[in-house]
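The listed protein sequences correspond, in order, to chains P and B.
With this note's numbering applied, the first sequence has no gaps in its numbers, which climb one by one up to 298 at the end.
With this note's numbering applied, the second sequence has no gaps in its numbers, which climb one by one up to 410 at the end.
Think of the hints as simulated: they come from the structure by calculation, not from any bench.
Misleading hints may appear alongside valid ones.
Straight-line alpha carbon distances no greater than 16 Å define the calculated EDC-like cross-link-like pairs of lysine to aspartate or glutamate that follow [said to hold, decoys possible]:
#, chain 1, residue 1, chain 2, residue 2
1, B, Lys43, P, Glu133
2, B, Lys389, B, Asp316
3, B, Lys280, P, Glu143
4, B, Lys229, P, Glu143
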Amino acid sequence: MTAQIFLQIVASGLLMGLIYALIAVGLSLIFGLMDVVNFAHGEFMMLAMYAVFGAVVIIGIDPLMAMPLAVAALFVVGATAYLGVVQHAMRAKANIGMVQIFATFGLAVLIRGVSQFLFTSDYRNVPAERNLLGGKTIELGGVFLPLPQLVGAGISVLAFVGLWLLITRTDFGKALEATREDAGAVALVGIDKNRVFTLGWGLGASLVGLAGAILAIFYYIHPDVAAPFALIAYVTVALGGFGSVFGALVAGIMVGLAEALTATILPPALKSVGIYALYLGVLFIRPKGLFGSL
Amino acid sequence: MLSRREFAGGAAALATALSTGARAQAPQEVKIGALYPLSGASAQIGNDAKTAFETAVDIINNAHPELDLPLGKEPGLPGLGGAKIRVIYADHQGDPQKGRAEAERLITQEKVTALVGTYQSAVAATVSQTAERYGVPFLSADNSSPSLHRRGLKYFFRAAAHDEMFSAIMFDFLDSLKKKGQKVETLALFYEDTIFGTDSSNVQRKLAGERGYKLVADIKYRANSPSLTAEVQQLKAANADVLLPSSYTTDSILLVKTMGELGYKPKAILAQAAGFSEQTFVDAVGKQVENYITRGSFSLDLARKRPTVGKVNEMFKAKSGRDLNDNTAREFMALLLLAEAIDRAKSTDGAKIREALATTNIPGEKTIMPWKKVGYAETGQNNDADPVLLQYTGGKFLTIFPEQAAVAEAVWPMSKS
């Protein structure tokens, strides 16, 4: 392996890893907040991709401009999912964990089915002529950095900084942290638990929506597109530690690098082996994940 | 204890049931089960297949004297008193286990007469096993793995070519280029990790060895990967004279997009169809790989010689907005061939249809394909299904090989860089 190929693998792994991190962080946030694993997380991402595609085709704007729209739309989707489904699932008296799993899993199946009905099963791509970044790439000393992934990775880093500021510097962030510490006690200081949960779901969905909006620039879009990404997101969250925002960032990058490296050293068909080996290794040493506190 | 009245009632009911049973011998309707991915990553293929079958059903069930096809002239199946064909769809999502369960359901619950499917070869493997167990004929429309007809199944039939036939013509083409003085020495194999990609690569690896080509890359990748960067990186480093991909639509699109992103321009692409013959692939990334070549079972160029091909294509296009392609043409033909055999069998009995299929003998001119004829060998394979090679040039597929079918000279290498 030459130095150039090695650098290319590291660069590609890093860029993809930052996007994996952004996909995973919303999942981690929601889990940390209320111990619910959202099995419709990937479907949220798929909806964001269609939102971008729709905005590009119907309004005729660049996918970059469509990003805020997708993020806003996904905030509504996330909040609605909580108010319409999860809130009710949490009222179960027995087997509450199971009820939540089936509720969000059912939501995922529903979203996929309705999407296929509305958008058909065709593979969509953001049209090249309306896509400023699409297909463009810059070369640095023989290492190719695709512009969409580069910008996407930058946006992902900014999103993490923004999320960190939101959690540490704002009242909402404090309420979020407090609710996650003890959802019962916050009611005593006048925090409406339900409102925090609603906003938390909106925020979590927005983050994966942003990831979907980035992916839409360089990835094909269809109702089942999110399945492989969602699988990686669950591993990323478990690896970084359930509920940890910083953990999702570090784990996402690690997963991206592990995937790129395994695909080069082993036959590429085995590249997910690298990811799961990494996860198992961490599991043996730190069962709660790298930055988990549970 | 049964009272006399209950007994009488039961006997009457039994008599009615028996007489309905007797009447059912000349059915109004013949059900055929179609197994396709209607949801999941390959849903688009399944939904296009549905349109292809609807076109075939229209031709079978209604009179189309303008078409020179089996069952085109008369409405319904004359051999079964004009019975109509009805297709019952089942969704296997590309999963061999779901395919097995759905095949079982179609046979036992829906009581279908025969099965057709399945796009993914991995699913055809389980579906055909199930069909064999129940003695129901399975006609493989669009599966190309050669291993499928080598399992000694009596109820398995395939009218179209398999990947050994497809790969042989690909290598014949490369040999002919070499004779013309082109530099074709190194090959790169790139294939997905299910039975389709694996079988295809096995054949290609063997042929490359026999005919003296050097493999500079042999990459098996995970189907539906989120990223193919590392894989394309290896292809780029190898920079073979010809890239031979065996990929379904999602991976084909991602492969070409990633090639663009990593600045890799292959000297030539010779694809094992699948994703590379799909309109969605061409719409998404066709321009980036102008002049790529794919094998095919079907060519619209045939319409110049055979007007029926053009007419069927118009019928299909009116429903789907797309031209017939490698997959939809094979699916259309498969249902027609199945119906033709049922008509000749004059029965919905599995064993009788099997016999009818085994004695099929239809000249190529009575199909929409470039085949010599349709007739199944002992294995269930039609060995006269001659494939063609198509080049994507200026927004269209043109037949470039074999010479007797070609309408254009191949552009080689694909890019002049």
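Hint-by-hint comparison with the structure:
{"no.": "1", "hint": "B/Lys43 / P/Glu133", "in the structure": "violated, 32 Å"}
{"no.": "2", "hint": "B/Lys389 / B/Asp316", "in the structure": "holds, 11 Å"}
{"no.": "3", "hint": "B/Lys280 / P/Glu143", "in the structure": "violated, 22 Å"}
{"no.": "4", "hint": "B/Lys229 / P/Glu143", "in the structure": "holds, 15 Å"}
In this structure, the earlier hints numbered 1 and 3 are contradicted, and the remaining ones agree with it.
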